[in-house]
Amino acid sequence: MRPDDPKLKKLEPPRLTFGDRMYLPQIAAGLLLTAKHMAGVAFGNKAITVQYPEEQHVPSPNYRGVHRLNKDDQGRVKCVACMLCATACPAHCIDIVGTTAPDTWPDREKYPASFVIDELRCIYCGMCEEACPVDAIELTGLYDLTGLTREQMIFDKTKLLSVYDATRDAEPMRYTAPPPKTAATEALPSPIS
Amino acid sequence: MPWELIGTLVKILLVVNIAMGVVAYLIYIERKVAAYAQDRIGPNRAGSPIVPFGLLQPIADGAKMLLKEDVIPGYVSRPVYILAPLIAIVAAIIGFAVVPFGPVGPDQWMNFQIAPNVNIGILYVFAVGSLAVYGVILAGWASNNKYAFLGGLRSSAQLISYEIPLGMSILGMVLIAGSMDLSTIINWQSRHTWGIVVQPLGFLLFLVSGFAETNRLPFDLPESEQELVGGFHTEYSAMKFGMFFLGEYLHVITVSYLIAILFLGGWHIPFLTSPEQTWWPTSLLKMVILMSKVMAMILIIMWVRWTLPRFRYDQLMDLAWKSMIPLSIVNLVATSGIVQLIYSAS
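Which chain is which? The protein sequence lines are A and B, in order. Those letters in the first sequence? Residues 1 to 193, by our numbering. Those letters in the second sequence? Residues 1 to 346, by our numbering.
By construction, these hints were calculated from the structure, which means they are not laboratory data. We treat Cβ as the ideally placed atom computed from N, Cα and C, and that holds for glycine. Hints should not be assumed to be uniformly reliable.
What the hints assert, rightly or not - Quick partial rundown of chain B residues pointing at chain A, CB under 8 Å, derived from the structure: (1) Tyr25; (2) Ile27; (3) Glu30; (4) Arg31; (5) Val33; (6) Tyr36; (7) Pro43; (8) Ile50; (9) Trp141; (10) Asn145; (11) Leu299.
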């Protein structure tokens with residue numbers, strides 16, 4: 001666009017009135033604004049924060065949290081150890097050791113003997129999800145991912161599959177409510193187990 | 001004589017301990033005010049069914065300050081590094097010696113002042129208050145870190161610049177009352193009218209330079225972590241860092257006291273109190289009046305902190321040298337002219 005383009009819209013900064021240039025009326029206006037907010041919280045119960053342990057936060061539908069490894073209808077891991085997710089991962093946090101699938105699994109040649117994600121290194125970009133040809137790896141809406149040591153934050157295959165069990169009913173990326181707390185989910189998404 | 005000494009020691013203990021406790025709870029109040037201004041609730045966890053609203057938060061904060069690792073980097077100038085926070089806090093505390101917390105007089109049974117009837121009260125407060133610059137500049141220098149050093153220089157330049165309008169803005173009030181003794185100034189106000197009425201410009205100048213002198217927003221460049229990589233206390237941790245902030249909070253209390261005493265009538269409420277009332281319950285009542293004025297002033301300082309944005313450094317210096325110092329000189333000259341005319345006429 002040229003500088004003399006007729007479509008170019010020229011914006012003038014608003015002219016300050018005499019009152020604005022005296023500063024004091026504007027300072028008073030600012031003080032009035034914060035006073036309104038303070039009174040709103042103190043007397044009108046208008047705080048906008050979530051009181052976390054009592055109220056659970058509901059993330060937006062496209063929130064990307066802890067990974068899960070999906071299972072197929074026979075309860076086997078869906079993953080075919082093709083390494084696409086590990087290749088796509090910009091943070092190199094996925095480590096897969098693939099082996100030949102047993103003869104009873106006619107639908108694939110390989111499956112992961114070990115599938116480890118370093119949740120500390122992961123940047124939750126969702127590219128593994130995009131890359132996966134069999135929809136095996138997905139990011140769930142679980143956000144309360146904590147641990148007491150670094151080792152607890154390295155998720156192996158068992159733990160990733162157990163996240164699937166905990167979030168089986170929730171569609172990833174269409175997450176609306178926290179999963180019901182059952183005995184299984186109580187123990188599993190929390191990495192302290 | 002020994003009774004006076006014991007009384008003074010008791011008063012010193014009371015004032016220092018109460019000031020520390022009040023500072024702890026002021027930090028809690030400040031966090032609450034901050035939260036309310038930003039539509040949050042603020043600290044509400046450190047409590048129990050008996051102590052609601054997280055009122056144990058100051059104790060938790062204090063425990064954290066004491067238990068945190070106290071890092072002294074290997075490259076600092078060790079004695080000066082340790083001395084600097086001590087200077088900051090001592091300079092802030094000894095200003096309380098001449099602050100009248102309540103009525104004072106030779107015929108009073110109870111004197112609400114550690115050193116009663118010091119006739120250079122304000123001069124002493126200012127002399128001691130300006131010692132805080134040493135804490136700042138020594139901390140910056142001893143840290144042996146260029147950011148801390150620049151921060152120390154910046155902060156001391158700010159503190160020294162604002163000392164001038166701070167001192168000049170009260171001179172009008174001193175001239176009118178004809179004394180530097182704080183309780184005499186209060187008594188003048190209760191006989192005539194509050195200082196804010198006779199010295200509106202002086203009040204405004206004192207308020208603004210008081211904000212700057214206590215490093216409160218909009219003048220808190222000493223601790224601007226986001227824009228200027230922190231200030232003179234970058235290398236300090238745990239209780240040493242806490243002492244700088246304790247010192248600054250004590251300054252806030254001192255400045256609020258000075259504003260209440262010099263411009264808001266001290267313990268005087270029109271048509272209710274007079275300097276002739278010397279019975280001790282009325283003295284206690286007067287102390288409560290003064291305390292509530294001071295508390296209101298502190299709340300206003302906090303309110304301003306969470307409203308106004310920070311100044312840029314050149315704007316800060318422009319405000320001091322190009323507007324506030326000329327204005328305070330004008331105020332001083334006009335006041336002294338008027339006072340001279342009135343005194344020569346009577």
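Hint check:
1. The beta carbon of tyrosine 25 of chain B comes no nearer than 17 Å to any beta carbon in chain A, farther than 8 Å, and the hint placing it at the interface is violated.
2. A cut of 8 Å between beta carbons decides the hint on isoleucine 27 of chain B: the least distance to chain A is about 17 Å, and the hint is violated.
3. A distance limit of 8 Å between C-beta atoms decides the matter here; for glutamate 30 of chain B the minimum to chain A is near 12 Å, and the interface restraint is violated.
4. A hinted interface residue such as arginine 31 of chain B counts as satisfied when its beta carbon comes closer than 8 Å to some beta carbon of chain A; here the least separation is about 13 Å, so the hint is violated.
5. Contact between valine 33 of chain B and chain A, as hinted, is supported at the beta carbon level, the nearest pair being about 7 Å apart and thus within 8 Å.
6. Taken as an interface hint, tyrosine 36 of chain B checks out: its beta carbon lies about 4 Å from the nearest beta carbon of chain A, inside 8 Å.
7. Among the interface hints, the one on proline 43 of chain B is violated; its C-beta lies about 12 Å from the nearest C-beta in chain A, farther than the 8 Å criterion.
8. Because the beta carbon of isoleucine 50 of chain B sits about 20 Å from the nearest beta carbon in chain A, more than 8 Å, this interface hint is broken.
9. Nearest Cβ of chain A to the Cβ of tryptophan 141 of chain B: about 35 Å, over the 8 Å cut. The hint is violated.
10. Residue-level restraint check for asparagine 145 of chain B is violated (minimum Cβ-Cβ distance to chain A is 31 Å; threshold 8 Å).
11. The interface hint given for leucine 299 of chain B is broken, as the beta carbon of that residue sits about 10 Å from the closest beta carbon of chain A, more than 8 Å.
Hint check: violations occur at hints 1, 2, 3, 4, 7, 8, 9, 10, 11; the rest are consistent with the structure.
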